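**Q** Chains as they are written, first to last, in this note's numbering: chain A, 1 to 360; chain B, 1 to 310; chain C, 1 to 365.
Worth double-checking, as some hints may not be accurate.
[Stated by the list, open to error] Selected chain C positions facing chain B (Cβ under 7 Å, derived; list incomplete): (1) L53; (2) I140; (3) V171; (4) F294; (5) A330; (6) A333; (7) Q335; (8) F340; (9) L343.
[Claimed, not checked] One-sided excerpt, in silico: chain C residues whose CB lies under 7 Å from chain A: (10) N55; (11) F58; (12) Y61; (13) A111; (14) A122; (15) F180; (16) H193; (17) A274; (18) S278; (19) D280; (20) E318.
No lab work stands behind these hints, which were simulated from the structure alone.
The structure displayed is predicted, hence computed values, not measured ones.
Using N, Cα and C, we set each Cβ at its ideal position, and we do this for glycine too.
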Amino acid sequence: MILRRTLLAAAATALALTSGAFADGHEKLKVGFVYVGSIGDGGWTYEHNQSRLAVDEAFGDKVETIYQESVPEGADAERVMTQMALSGAKLIFTTSFGYMDPTINVAAKFPDVKFEHATGYKTADNVSTYSARFYEGRAVQGHIAGKMTKTNKIGYIASFPIPEVIRGINSAYLHAKRVNPDVEFNIIWAFTWEDPAKEADAAKTLIEQGADVILQHTDTTAPLTVAAENEGVIGFGQASDMAQFKDGPRVSSIIDNWAPYYIDRVKAVMDGTWETVQTWDGIDTGMVEIGEITDRIPADIKAEAEAMIEAMRTGAYHPFTGPINKQDGTPWLADGEVADDGTLAGMSFYIEGLTGDIPQ
Amino acid sequence: MDWAAINPAFYVASVMVAATPLLLAAIGELVVEKTGVLNLGVEGMMIIGAVCGFITAVETGSPSLGFVGGALGGAALSVVFAVLTQFFLTSQVPTGLALTLFGLGASAMVGQSYVGIVPPKMPQLMSGAQLNAFERIVLGHDAMLYIGLAIPVAVWAVLRFSRLGLILRAVGEDHNAAHALGYKVMWIRFGAIVFGGACAGLGGAYLSLVRVPQWTEGMTTGAGWIALALVVFASWRPLLIILGAYIFGGIAILQLNLQAAGSTIPVEYLSMSPYVITIFVLVLLSALHKYGISRAQAPAMLGRSFHASN
Amino acid sequence: MYKLEKRPNPSNLWAYLTPFLALIATMIAGGIMFWMLGKPPVDAIRTIFWDPLFNEQFAAYSRPQLLVKAAPLILIAIGLSIGFKAGVWNIGAEGQYVIGALCGAAVALAAYPLEAWWIFPAMVIAGAVGGFMWGMIPAILKIKLGTNEILVSLMLVYVALELLSSMSVGVLRNPDGNGFPGSRNLQQYASAHNAEIWQGSSVHWGVVAAFSAVILAYVLMSKHRLGFQIKLAGAAPKAARFAGVNPHVITAVCLGISGALAGMAGMFEVAGPAGQVSIDFASGYGFTAIIVAFLGRLNPWGILAAGLLMSLTYIGGELAQFIIGLPASAISAFQGMLLFFLLAGELLVNYRIRRAAPRTVKEAA
Numbered sequence: 001m002i003l004r005r006t007l008l009a010a011a012a013t014a015l016a017l018t019s020g021a022f023a024d025g026h027e028k029l030k031v032g033f034v035y036v037g038s039i040g041d042g043g044w045t046y047e048h049n050q051s052r053l054a055v056d057e058a059f060g061d062k063v064e065t066i067y068q069e070s071v072p073e074g075a076d077a078e079r080v081m082t083q084m085a086l087s088g089a090k091l092i093f094t095t096s097f098g099y100m101d102p103t104i105n106v107a108a109k110f111p112d113v114k115f116e117h118a119t120g121y122k123t124a125d126n127v128s129t130y131s132a133r134f135y136e137g138r139a140v141q142g143h144i145a146g147k148m149t150k151t152n153k154i155g156y157i158a159s160f161p162i163p164e165v166i167r168g169i170n171s172a173y174l175h176a177k178r179v180n181p182d183v184e185f186n187i188i189w190a191f192t193w194e195d196p197a198k199e200a201d202a203a204k205t206l207i208e209q210g211a212d213v214i215l216q217h218t219d220t221t222a223p224l225t226v227a228a229e230n231e232g233v234i235g236f237g238q239a240s241d242m243a244q245f246k247d248g249p250r251v252s253s254i255i256d257n258w259a260p261y262y263i264d265r266v267k268a269v270m271d272g273t274w275e276t277v278q279t280w281d282g283i284d285t286g287m288v289e290i291g292e293i294t295d296r297i298p299a300d301i302k303a304e305a306e307a308m309i310e311a312m313r314t315g316a317y318h319p320f321t322g323p324i325n326k327q328d329g330t331p332w333l334a335d336g337e338v339a340d341d342g343t344l345a346g347m348s349f350y351i352e353g354l355t356g357d358i359p360q
Numbered sequence: 001m002d003w004a005a006i007n008p009a010f011y012v013a014s015v016m017v018a019a020t021p022l023l024l025a026a027i028g029e030l031v032v033e034k035t036g037v038l039n040l041g042v043e044g045m046m047i048i049g050a051v052c053g054f055i056t057a058v059e060t061g062s063p064s065l066g067f068v069g070g071a072l073g074g075a076a077l078s079v080v081f082a083v084l085t086q087f088f089l090t091s092q093v094p095t096g097l098a099l100t101l102f103g104l105g106a107s108a109m110v111g112q113s114y115v116g117i118v119p120p121k122m123p124q125l126m127s128g129a130q131l132n133a134f135e136r137i138v139l140g141h142d143a144m145l146y147i148g149l150a151i152p153v154a155v156w157a158v159l160r161f162s163r164l165g166l167i168l169r170a171v172g173e174d175h176n177a178a179h180a181l182g183y184k185v186m187w188i189r190f191g192a193i194v195f196g197g198a199c200a201g202l203g204g205a206y207l208s209l210v211r212v213p214q215w216t217e218g219m220t221t222g223a224g225w226i227a228l229a230l231v232v233f234a235s236w237r238p239l240l241i242i243l244g245a246y247i248f249g250g251i252a253i254l255q256l257n258l259q260a261a262g263s264t265i266p267v268e269y270l271s272m273s274p275y276v277i278t279i280f281v282l283v284l285l286s287a288l289h290k291y292g293i294s295r296a297q298a299p300a301m302l303g304r305s306f307h308a309s310n
Numbered sequence: 001m002y003k004l005e006k007r008p009n010p011s012n013l014w015a016y017l018t019p020f021l022a023l024i025a026t027m028i029a030g031g032i033m034f035w036m037l038g039k040p041p042v043d044a045i046r047t048i049f050w051d052p053l054f055n056e057q058f059a060a061y062s063r064p065q066l067l068v069k070a071a072p073l074i075l076i077a078i079g080l081s082i083g084f085k086a087g088v089w090n091i092g093a094e095g096q097y098v099i100g101a102l103c104g105a106a107v108a109l110a111a112y113p114l115e116a117w118w119i120f121p122a123m124v125i126a127g128a129v130g131g132f133m134w135g136m137i138p139a140i141l142k143i144k145l146g147t148n149e150i151l152v153s154l155m156l157v158y159v160a161l162e163l164l165s166s167m168s169v170g171v172l173r174n175p176d177g178n179g180f181p182g183s184r185n186l187q188q189y190a191s192a193h194n195a196e197i198w199q200g201s202s203v204h205w206g207v208v209a210a211f212s213a214v215i216l217a218y219v220l221m222s223k224h225r226l227g228f229q230i231k232l233a234g235a236a237p238k239a240a241r242f243a244g245v246n247p248h249v250i251t252a253v254c255l256g257i258s259g260a261l262a263g264m265a266g267m268f269e270v271a272g273p274a275g276q277v278s279i280d281f282a283s284g285y286g287f288t289a290i291i292v293a294f295l296g297r298l299n300p301w302g303i304l305a306a307g308l309l310m311s312l313t314y315i316g317g318e319l320a321q322f323i324i325g326l327p328a329s330a331i332s333a334f335q336g337m338l339l340f341f342l343l344a345g346e347l348l349v350n351y352r353i354r355r356a357a358p359r360t361v362k363e364a365a
């Protein structure tokens, strides 16, 4: 009698535990990923996909991931997200800023599906946003660039004049200038995230005009390929390590490491603890990783860079710490003052010292 | 704006590299159009050439073999166009567009596992940072660029002086008369189309092996269409293809240089400039033609299907 | 030996049969292609063609989506077909689409935040006029100077795309958008929103416009004198001139209509499904519409069917991507093949395959 009751109780508990562990009944949790580029781009989408694979590995049978690549922003994105939700996905990652309104629209139609929107600013009860503090990585790049350049000209291949890109330019410039007051930034606006021919041409042009360090906010390895053909030119991996260039121009990189965040959020859905948040993480949680600094960088500079990384990791150092003025001379940050997230999120001005205008 | 930052020697050398893919694709299309066929599939053939050339070079380790692979790829795709337009008598405009659509999709599929790989480097005649201006411009390039310059000259010579050239032109000007004279119009056009495909393939391979050099899907970004415009621009004269390609390439590279040197012209207008200028030149050429200053150049049979109805 | 003999009249039987045969041939060839990619061919074909229409999980949603996706394709293709029939090759519909969208959105954003009944019609007119003007550039150049309209309209596409980028971050940028590119979202602006007309149907004004265009084009081309003139100008230019048809008028009419329709399609799209002017707004509808026009054999009803078929391959293709893992590029290759087979099939409509009499060669004895 007692045994039977215990067994029943044990069975009931087991059942309760397992249904708690899975989001809906005993099915696998279906997680969807919407990509703006192709998984073979070697940069932005490639890293998101790598993180998806990490989720697959971390959860094994409990999770099924589906994805769709090269989804244009707009109506198509809305349809893709809806179809994923209809097919049973309970958590969907939308990995581009331009998916913002479609995500909100679809989220409203599927209140029990959770959405994670990358680099956006609109949230809802079932929509979270997440982004990475890439500007921390840019600070390191700027520091290394400023110290390593012999011609004092640094080339920057920028994509679109949006706050994220402008932040990157400002952060890199600030740190380059601090260690090298004579440094000059030459910026080319490619108006594309991914166009190898244009990026290669831009890199070539910058190098021809004297730059010996190339920074890029575009996604392919083309600039590094061009840098490899020119002696003495160094560059950095963008969004992914681009390690195949380690023997050549790539001296470090910014790696978008979404895996820990993704695994966290999947777990939260599984545990039922998911809540809408706005995450903006950097080196502190490992979302921004600085790729291995190669031996091409002298040991003392390497040590300085690593110290900066450590300081940002612990929160002791913030790349945008005053005194900093805006390009037109007006003061922005006082001595020791740290920039607030709000201003950074909508940054649309250059800091003092940068020549040229942001395209309007 | 720092004009001094723009180094003329570097600039000219870059323009030559940028112009070569356009030049190769355009000269191939010129030959095709001379026989009266309008192949709008240049973009598709170029990108197939880019991916085939890239894969061949990476797998064999030889960039030269890569170019052969690119030419074969472009030629193979053009065979589809040739069969459809010459044997199945399909309308040339949509067939060419279908070729482009298919070529873009097929190349992306085939090239999926080759993204991000660095191809073997094409050796240059002379290279290094210490070259002087003359050396850099004239001697500092790879073999394909020189071949690219030689092909239009060869085409010009063949069209102008040889019997083959005469036959090609005859077919393009009046295919019924050519047929009556006993020339196999269909096969002549077939051959021209395959030649055009091979050239477009070479142009595409140049993009993925020298100009960028890398493979990414859709990497031609409209170069095939520009090549088509260049044929009209050059009034179907082979030597003017070189001029046209260099002008277009020159503007495209110039706008990057202006940006890097800090020009105040808004970037969007600079990016638009190659296309706007192309329109202006086309308009200018038409005006010259209309007011009798230059003669009509388009082959009379351009775009018309031929069927021997006896 | 076989030879081709021209039919005195195009065969009606084959005209109806060819599209089906082409579709079946494409399914087979496509299946082989998918199999070579390592994907199950039958499942892939089924996901692309059957699931969007009948699968219980999706179909209720995807069926109306077919209309949403097909509407701009059909609207633009109708305009293009009129021109193609006349031998006026408008390859720049993508540019006219973008300019129409920009003009329509500009009207809406200028009127913001006013709510009034006339805003939406004004946007439609602005979109049509914008596309019309962009289409008239190659038209005027062709009329006045004989410049090739294929190339001018094509170059203008690139110019239009640069304008789109520039306006997305410049003049039309959302002032409340935290500095991010893209205009205000028109879906949230009631007077400007191209909303669905009946709840849950996804049918918006663009769909209505597309269907109306099909009917109007049918009437124009088969019943109206202008339609006859257009067809004549394309089929026999010399005869047309002899009959008093002014080629310049034909050019202007064709480019004007196709530009206006493409511009309207752009405006419906930006005010509806897309919602905002953004850098990536242009998704190639102008080029796909060319394919649709030919798939529909330049006939309004054919275009209606072809537009729906094409949008089926798009939507089915999307499903196939995340259900089967088919790469996105496989779908464009697939669509290219469909067009190849259809064009090849045209042969049977116009020509007959006959056994040629064996040629006897008299040998000198």
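**Q** Using Cβ atoms only, decide whether C/F180 comes closer than 7 Å to chain A, and label the hint accordingly.
**A** holds (6 Å)
**Q** Using 7 Å as the Cβ threshold, decide whether C/D280 counts as touching chain A.
**A** Holds. Min distance 5 Å.
**Q** So, C/I140 near chain B? Judge it on the closest CB pair being under 7 Å.
**A** Violated. Min distance 10 Å.
**Q** May I ask you to test the interface hint for C/L343 with respect to chain B, counting a Cβ-Cβ separation under 7 Å as satisfied?
**A** holds (4 Å)
**Q** Answer holds if the nearest beta-carbon of chain B is closer than 7 Å to that of C/Q335; otherwise answer violated.
**A** With a closest approach of 6 Å, the C/Q335 hint holds.
**Q** Under 7 Å, Cβ to Cβ, is where C/A333 needs to be relative to chain B, so tell me if that hint holds or is violated.
**A** Status holds, d = 3 Å.
**Q** Holds or violated: is there a CB of chain A closer than 7 Å to the CB of C/A274?
**A** Where the cut-off is 7 Å and the nearest Cβ of chain A is about 4 Å from C/A274, the hint holds.
**Q** Against chain B, with CB atoms and a cut of 7 Å, does the hint on C/L53 hold up?
**A** Result: violated, 23 Å to nearest chain B Cβ.
**Q** Holds or violated: is the Cβ of C/F340 closer than 7 Å to a Cβ in chain B?
**A** Given a least distance of 5 Å, the restraint on C/F340 holds.
**Q** Just to be careful: measuring from the Cβ of C/Y61 to every Cβ in chain A, is the smallest value less than 7 Å?
**A** holds (6 Å)
**Q** Just to be careful: measuring from the Cβ of C/F58 to every Cβ in chain A, is the smallest value less than 7 Å?
**A** Where the cut-off is 7 Å and the nearest Cβ of chain A is about 5 Å from C/F58, the hint holds.
**Q** Can you verify the interface hint for C/A111: is its Cβ closer than 7 Å to any Cβ in chain A?
**A** violated (20 Å)
Checked against the numbered hints listed earlier, the structure breaks hints 1, 2, 3, 10, 13, 14 and 16; every other hint is satisfied.
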